[in-house]
Amino acid sequence: MKHTLTTSIFKVGLLSMFMVMVSCSEDDNSMMPDDMGGNDDDDEMVEGRRAELYVTNNDNGDITKFDITNDTQLTIGTSSTAAEGIYYDASEDLVIQASRSNNWLESFDVTDLLDVDLSLDISFNGDADLESPRELAVYGDYYVVADNGSNRFFVYQKTGTMFSLQTTVDVPFPVWGITFKGGDLYAVVDISSDLAVYYNFLDKAMDGTMYPDKRVTIEGIVRTHGLTYSGSDDVMVMTDIGDAANTDDDGGFHIINDFSLKFDALSDGDVLTTDNQIRVAGSSTLMGNPIDVAYDSETDVVYVSDIGTSKVLGFSSIGSGGNIAPTFNVDLTAASSIYFSSDETDGDMGDSSEMGMTQLYTTSTANGNVVVYDLMNGTSKTIITGSATSEGIYYSGLNDYMIQASRSNLALEYYGGFGFNSDGVTLDIDFSSSADLMSPREIAVYGNKVVVSDNMNHTFYVYAHNGSSFTLMNTFDIDFDVWGITFMGDDLLAVVDNSSDLAIFADFFSNTEDSMLSASKRVTIEGIVRTHGITYSVSDDVLVMTDIGDAANTTDDGGIHTMANFTSLINNTENGGVIALSSQKRIAGSYTELGNPIDVAYDAKTQTVYISEIGNGKVLGFENSLESEGNVYPSWSMDLAGSSSMYLYNN
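Heads up, the sequence shown is in the UniProt record's numbering, so the first residue is 1 and it goes up one at a time.
Check each hint, because a few of them may be wrong.
[Said to hold, decoys possible] The calculated EDC-like cross-link candidates involving lysine to aspartate or glutamate, where the alpha carbons are at most 16 Å apart (straight line), are:
#1 Lys-585 <-> Asp-507
#2 Lys-585 <-> Asp-639
#3 Lys-605 <-> Asp-275
#4 Lys-65 <-> Glu-52
#5 Lys-585 <-> Asp-514
#6 Lys-381 <-> Glu-623
#7 Lys-381 <-> Glu-354
#8 Lys-65 <-> Glu-131
#9 Lys-521 <-> Asp-507
#10 Lys-262 <-> Asp-233
#11 Lys-521 <-> Asp-436
#12 Lys-449 <-> Asp-275
#13 Lys-605 <-> Glu-526
#14 Lys-605 <-> Glu-623
#15 Lys-262 <-> Asp-234
#16 Lys-605 <-> Asp-639
#17 Lys-262 <-> Asp-275
Keep in mind that the hints were calculated from the coordinates and are not lab data.
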């Protein structure tokens, strides 16, 4: 034991002594102000609402308990020297933490815990399976540990006084914070601003690699770590540690109200824009490296454990966010994970998301119509737009608008309220850009920004829109023939037309001045004759490119190249190098109906590749694309004259 039973630092009527003993100044380290439920009467502990914070420690393994209502704290010494990931089970009076020194889950019985610092023996623990535990999420008797040693989820079941390892899930991204929303497990993607979800996680959890069902980018976050969800308020809170090397003043957190409505409406790979969030950050917040977060839905207070500034902070009256000062501020060296517990909020996980939809939006150079295929119901509808020919399309389920690049009007076109239109409707353009374009071939969308690939003079046009107008931000000249483009995080991936090459423009939006823009990396995709279409799935980490073969042969020499584990593949390929055919799956041959596959989409739900086949006037689908290769028949085929581009909305 590291500690022996000590005299309480919280004897009744000695709150002022506490302030001296923990060296807290009245301004900087007051436990709780009056408007957050603090005790006005120093002579008597007030019986009231149970509102408790439990915080782990990466310096000594202690657990600190803050009694918010009574403005007190106590320290529970443990046999661990570092811990991260904590949960309080009120029904059994157990505190469970993930020990980073012992590499196991350990439980402590706090039934007889009063108001004194003390050390506790472990009541029971699991096996030492863990490597580098970072966070803990609990659903019933199941305890999931996010471990970033090898990026795994360890799934334990608690039965009586035992933690039994049920499943070890390999995760294809760096892990940190996790939380349940109903039976869905949400996970931050460390070293990024992304949020991933595994729907009905425990029903599908299995040993081996599991790819998330959806992954989206939370705009405005630099690097995320902690997250928590409230079902009663339908609020998700995520932290932003900023630059990990700056532990002093660049941290923050993002509040996403109406989370279910917003997240469920996003398509896989979409961006949740900053106008759909509230951000709290700035020098007044005292946040440097907010590693974890908790939320009290009764008082709408966000609590943060900041390992950078060694503080536990609370923020009330957040309103529209900004650079606001904390209303709860206590020093705690190496504060790591945090958990809030109250009778009102325990188990407040909300509901799992309902099944979404999968719709394929397609354009045509023959007539400018947009045909929408509902791939789950097997239906379709045709919408007549203001263009006579178009190429490049995107649909936002969150805001229900469609954007297309018009080849006849040489402009971007915006159509609001698009999803509710019925078959055969003719739509007027809500607004369009200036007629800047010359020969648009594809668009790639990142939040409210739209990049148009124009192959007349090999140019990228970059627009922003606010729901009522487009603004041309930049024009970049490219030193190769352009066609298909897609985003992979902040990087823009572009095919090099008239070749088999792929070009990557790293951190694309960091370029803010009109210029000749050179690719950060360019590689050759072995086996392709001439590439056109490209798409990237962030949830499955899959890149798909099309091969039109000889452009003069529009009937039977096309192909599809699918590359799994693409992040590793491209990182391990030097600039000017070759991605070997042995690292790809190629579909081609007379059975495929591929003559001139001009664009491509990928369905991560079913691992199906969809193709705009302009040569044969079709829209095609190929199932089991991660395994299929060679001369295979399409699993789905629809006639569509002038089939030019497509976007898969998959929420």
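Consistency of the hints with the structure:
no. : hint                : result
1   : Lys-585 <-> Asp-507 : violated, 28 Å
2   : Lys-585 <-> Asp-639 : violated, 25 Å
3   : Lys-605 <-> Asp-275 : violated, 28 Å
4   : Lys-65 <-> Glu-52   : holds, 7 Å
5   : Lys-585 <-> Asp-514 : violated, 38 Å
6   : Lys-381 <-> Glu-623 : violated, 23 Å
7   : Lys-381 <-> Glu-354 : violated, 24 Å
8   : Lys-65 <-> Glu-131  : violated, 26 Å
9   : Lys-521 <-> Asp-507 : holds, 12 Å
10  : Lys-262 <-> Asp-233 : holds, 14 Å
11  : Lys-521 <-> Asp-436 : violated, 28 Å
12  : Lys-449 <-> Asp-275 : holds, 13 Å
13  : Lys-605 <-> Glu-526 : violated, 27 Å
14  : Lys-605 <-> Glu-623 : holds, 11 Å
15  : Lys-262 <-> Asp-234 : holds, 10 Å
16  : Lys-605 <-> Asp-639 : violated, 24 Å
17  : Lys-262 <-> Asp-275 : holds, 12 Å
Of the hints listed earlier, those the structure fails to meet are numbers 1, 2, 3, 5, 6, 7, 8, 11, 13 and 16, in rising order.
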